[in-house]
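Offset between the sequence shown (1-based) and this note's numbering: plus 120.
Think of the hints as simulated: they come from the structure by calculation, not from any bench. Any given hint could turn out to be false.
[Unchecked claim] Capping the alpha-carbon separation at 25 Å, the derived lysine-lysine pairs in DSS-like fashion look like this: (1) Lys344 / Lys155; (2) Lys155 / Lys130; (3) Lys254 / Lys299; (4) Lys344 / Lys216; (5) Lys158 / Lys350; (6) Lys241 / Lys254; (7) Lys296 / Lys158; (8) Lys255 / Lys155; (9) Lys216 / Lys248; (10) Lys155 / Lys241; (11) Lys359 / Lys155; (12) Lys299 / Lys255; (13) Lys155 / Lys353; (14) Lys341 / Lys353; (15) Lys183 / Lys350; (16) Lys241 / Lys216; (17) Lys130 / Lys299; (18) Lys353 / Lys342.
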Amino acid sequence: MEKYEEKRDKYEFFDYPEEREELFRYTEKIVEYLKNEKISNLVIIDRSSRPFYVAVLEYWHKKYSGEPAPNIYFMNPKGFKPREEMTEAEIYDIYKDSLWKDDVCETPEPQEIKSREEVLKEFQDTYKKLLEDKKKPVLIFDTCIHSGNSLASVKNTFDDAGFTDARVGAINPSDKGAKVSTDFYVSSQRPEKGCYPFDRDRLIEKTFDHVYSSPTMDPRKKEKAIQLRKEIKRIIADKMNAET
Numbered sequence: 121m122e123k124y125e126e127k128r129d130k131y132e133f134f135d136y137p138e139e140r141e142e143l144f145r146y147t148e149k150i151v152e153y154l155k156n157e158k159i160s161n162l163v164i165i166d167r168s169s170r171p172f173y174v175a176v177l178e179y180w181h182k183k184y185s186g187e188p189a190p191n192i193y194f195m196n197p198k199g200f201k202p203r204e205e206m207t208e209a210e211i212y213d214i215y216k217d218s219l220w221k222d223d224v225c226e227t228p229e230p231q232e233i234k235s236r237e238e239v240l241k242e243f244q245d246t247y248k249k250l251l252e253d254k255k256k257p258v259l260i261f262d263t264c265i266h267s268g269n270s271l272a273s274v275k276n277t278f279d280d281a282g283f284t285d286a287r288v289g290a291i292n293p294s295d296k297g298a299k300v301s302t303d304f305y306v307s308s309q310r311p312e313k314g315c316y317p318f319d320r321d322r323l324i325e326k327t328f329d330h331v332y333s334s335p336t337m338d339p340r341k342k343e344k345a346i347q348l349r350k351e352i353k354r355i356i357a358d359k360m361n362a363e364t
């Protein structure tokens with residue numbers, strides 16, 4: 121195909137024009153949703169969605185300069201899984217998924233994972249500022265929702281904490297039969313980069329320990345994460361400058 125004729129001489133993570141155009145259009149639609157719906161808190165699910173915050177802030181500050189951008193929070197879905205919902209088979213599946221995604225690999229025993237009550241308490245202790253806005257709409261955003269297994273635990277925790285308007289967003293509608301359905305989605309078309317339209321964040325690691333992710337100790341991953349952020353920011357800035 122024609123698009124694959126472009127060389128890797130300028131972009132490392134978004135090789136082709138279609139990918140860069142998608143990144144910009146997805147950002148545009150989500151920022152406009154946040155603005156129109158008056159959503160003051162955006163929750164981004166680690167790791168594949170995290171780099172998206174760079175695009176959101178770059179777009180917002182250029183288009184809505186002087187207006188406060190939404191507060192942005194990052195959450196680790198593995199840390200929200202309570203032991204009441206975990207089986208050894210599911211832990212092993214998560215372990216295999218971690219290998220494939222270059223995450224930290226863990227195989228803890230079910231009793232070593234936090235209980236539902238412990239998850240809720242850590243959530244409340246960690247995100248105190250967010251909990252001050254329990255009566256305001258909040259958007260919990262992940263790139264894609266297939267089974268919904270991971271995101272369901274996050275959404276349930278928000279509900280248990282008393283949030284009255286916790287919405288779920290994704291690039292595509294959630295798959296049929298998923299445990300979580302989308303209140304907002306960007307497109308019904310599959311992204312050029314699949315479930316990684318913003319690539320993935322290598323600066324952090326998802327573990328069972330906490331509801332938040334931990335910084336990586338891997339210098340290789342840190343370097344890639346910095347490069348990715350610079351590239352996303354440049355794509356958004358260049359697109360917005362070209363349209364003005």
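Hints and how they fare:
A hinted pair counts as satisfied when its Cα atoms are at most 25 Å apart, and Lys344 with Lys155 does not qualify at roughly 31 Å. A hinted pair counts as satisfied when its Cα atoms are at most 25 Å apart, and Lys155 with Lys130 does not qualify at roughly 32 Å. Taking the CA atoms of Lys254 and Lys299, the gap is about 22 Å. The hint holds against a cut of 25 Å. Taking the CA atoms of Lys344 and Lys216, the gap is about 23 Å. The hint holds against a cut of 25 Å.
Restraint check for Lys158 and Lys350: not satisfied, since their Cα atoms lie roughly 28 Å apart, outside the 25 Å limit. At roughly 15 Å between alpha-carbon atoms, Lys241 and Lys254 fall within 25 Å of each other, so this suggested pair holds. Only pairs whose Cα atoms come within 25 Å are accepted, and Lys296 paired with Lys158 is rejected, the gap being roughly 29 Å. For the hint linking Lys255 to Lys155, the alpha-carbon distance of about 17 Å falls within 25 Å, and the restraint holds.
Annotation: proposed proximity of Lys216 to Lys248 is violated, straight-line Cα distance about 33 Å (limit 25 Å). Annotation: proposed proximity of Lys155 to Lys241 is violated, straight-line Cα distance about 31 Å (limit 25 Å). With a C-alpha separation of about 20 Å, the suggested pairing of Lys359 with Lys155 holds against the 25 Å cut-off. A hinted pair counts as satisfied when its Cα atoms are at most 25 Å apart, and Lys299 with Lys255 qualifies at roughly 24 Å.
Pair hint Lys155 plus Lys353 holds up; C-alpha atoms about 20 Å apart against a cutoff of 25 Å. A C-alpha spacing of about 18 Å is found between Lys341 and Lys353, which places the hinted pair at or below 25 Å, so the restraint holds. Only pairs whose Cα atoms come within 25 Å are accepted, and Lys183 paired with Lys350 is accepted, the gap being roughly 19 Å. Restraint check for Lys241 and Lys216: the C-alpha separation of about 29 Å exceeds 25 Å, so the hint is violated.
Our distance criterion of 25 Å between C-alpha atoms is broken by Lys130 and Lys299, whose separation comes to about 40 Å. At most 25 Å may separate the alpha-carbon atoms for a hinted pair to count; Lys353 and Lys342 meet this at roughly 17 Å.
Going down the numbered hints, you'll see the structure goes against 1, 2, 5, 7, 9, 10, 16 and 17, while the others check out.
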